[in-house]
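The listed protein sequences correspond, in order, to chains A and B. If you read the first sequence in my numbering, its first letter stands for residue 1, the second for the next number, and so on. If you read the second sequence in my numbering, its first letter stands for residue 1, the second for the next number, and so on.
The set of hints was computed from the structure by calculation and includes no laboratory data. For each residue, glycine too, the CB sits at the ideal point set by N, CA and C. You can trust all of the hints, since none of them are fake.
Straight-line Cα separation of at most 20 Å, PhoX-like style, residue types lysine-lysine; simulated pairs: (1) K222/A - K244/B; (2) K222/A - K239/B; (3) K222/B - K239/B; (4) K239/A - K222/B; (5) K222/B - K244/A; (6) K222/A - K239/A; (7) K160/A - K74/B; (8) K74/A - K117/A; (9) K74/B - K117/B; (10) K74/A - K160/B.
Just the calculated beta-carbon pair ranges, DEER-fashion: (11) R36/B - E157/A: 42 to 52 Å; (12) E157/A - D168/B: 29 to 39 Å; (13) A298/B - D124/A: 53 to 63 Å; (14) H16/A - R121/B: 51 to 61 Å; (15) D190/B - N170/A: 42 to 52 Å; (16) R128/A - R167/B: 24 to 34 Å; (17) K239/A - E151/B: 28 to 38 Å; (18) A298/B - V300/A: 48 to 58 Å; (19) A48/A - R242/B: 45 to 55 Å; (20) K239/A - D66/B: 54 to 64 Å; (21) K239/A - Q61/B: 50 to 60 Å.
Protein chains: 2
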Amino acid sequence: MSSSVRIALDVMGGDHGADVVLPGAEIALIRHPDIRFLLFGDEKIINAQLAARPRLAAASQVFHTDVVVRMDDKPSQALRRGRRVSSMWRAIDVVRTGEADCAVSAGNTGALMAMAKFQLRPLDGIQRAAIAAVVLGMKTPLVALLNIGTEEVKGNEHVKLAAQMLRDANLPIQFEGFVEGDDISAGTVDVVVTDGFSGNIALKSAEGAARLVAYYLQTALKRSWISMLGAAIASGAFKVLRAKMDPRTSNGGVFLGLNGTVVKSHGGTDGLGFASAIDLAIEMTRQDMTNRIAADIAGVAAILSRTAPAVEPQAEAPVGP
Amino acid sequence: MSSSVRIALDVMGGDHGADVVLPGAEIALIRHPDIRFLLFGDEKIINAQLAARPRLAAASQVFHTDVVVRMDDKPSQALRRGRRVSSMWRAIDVVRTGEADCAVSAGNTGALMAMAKFQLRPLDGIQRAAIAAVVLGMKTPLVALLNIGTEEVKGNEHVKLAAQMLRDANLPIQFEGFVEGDDISAGTVDVVVTDGFSGNIALKSAEGAARLVAYYLQTALKRSWISMLGAAIASGAFKVLRAKMDPRTSNGGVFLGLNGTVVKSHGGTDGLGFASAIDLAIEMTRQDMTNRIAADIAGVAAILSRTAPAVEPQAEAPVGP
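Kindly produce the complete structure, drawing on both the sequences and the hints.
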């Protein structure tokens, strides 16, 4: 693989489209000067922005598209309306043909998953792709299933069966059984596996709670001049806290289990956040993750086929962040 | 109903049993001097504690039980082992016979639900009981279903069907459709309805995130003497924040839809938290909620039967707090 990673961008995706995608691309280009972009979207909008960003323009090729997949399109609608002609479809298509190494979109998660699955096809042994945050550089990560209790008897049949299979399978992971919602923030394990519905609810509930605590803190600090004075003196600490909690530094979920790398950015992120999603796509490409996952899946499938009948993983529904 | 509410307590329930239940009962007794307790559990343990709490002893009757439902018993095991002889069973049984007005337990949620359903029976028109935080004093509460997006197309079939039925049914609530995980903390609506699995995960994820932010804040404030000075000056604000976030002030989930009032306390709470669960049971009793819910259910069942075939609500699994 060339070291110059070629990244296809769905410029029209997300809540803010080009206004976030192109500034994000520019930030990523500063970090990785040798990357190249294939930009899909309305060429008038793109070219107007590139005029003010000569460095990004020099690293990019623009491909005009007329159709935009809307954030509230059903996956089936998006496939019907957007097939071959939408910015989202086209960005994935160049990954399929090999003209790009990876694609990044902040668009409609369900539509992106449907198109990516349709165009790139699942790897052998995979029925549904998953969306994941990526943990790189660990030999035997601690893995657990999200459940409503840590005891073996807790939970619905899906998670109990999955746990049983993982216990029996002896995979090259350290399987820790079940964890609960509060273990996500506690960092009890490296990887928490969950279905898309529960995962979305877990992430957004956590996000909401963190925002509420921040609001309570601000309100409490403003209620007297003496606490405002204290807060001013401790302002360095609050700056550290803000940086620590900034979700833009870890934006991006990668679709696992497809023949090609597609990264989903949070739809409402800003340029800095979108740049993080591009970083992730670059890292996945440089680490040759698609081929490594294909090889791992082949090994895992062999192990699992010895322990239980195939079950369908529950990972189709969109997972936040 | 007599104004002197009679409360049955499962003294052996929860992570700490009598060490939390009896101090909690004593706090509740200070708040409501006319309440009376029926205490179920190991009489040696109970009497030893009551010797040091004469006021509580005077307001209590002790009933010895030998069997304790364990926190990791399956509901079916608990019913087998604990039927008629466990502190949990006996506390519910006196609600059934009318000797007590309500029961409170910090024990195993699944077992408590199974026993409560078995002994008290669901109200007419209810297939499964739900566990709820209670919103009193609202004429037309804003109600929404927890989902992974607010658009009508989002989510699994259960939530979509439930939303359709609620939209069509014209109930005496203001139905707001779907909310997402972060709306729970944002307080977008008064009541968020969810299945037990997702609800447990949402609450625990939020709890974990709040704890993490608090930890980050403490760490950030300790990193230099100047921020420690600022924190000391602003200490009043941090005290306010701590009180605001104290989960013990709103402990207790009530089982809705049964012929009798049973309140589930958080298993790991302390005396103050257990007292909040007792407060809730008292409030439910004084407001005659069981009869009011029965009357409402009869009305709602009539409305729903006109709009769609009965579906089974998904509320059996334990919901935190």
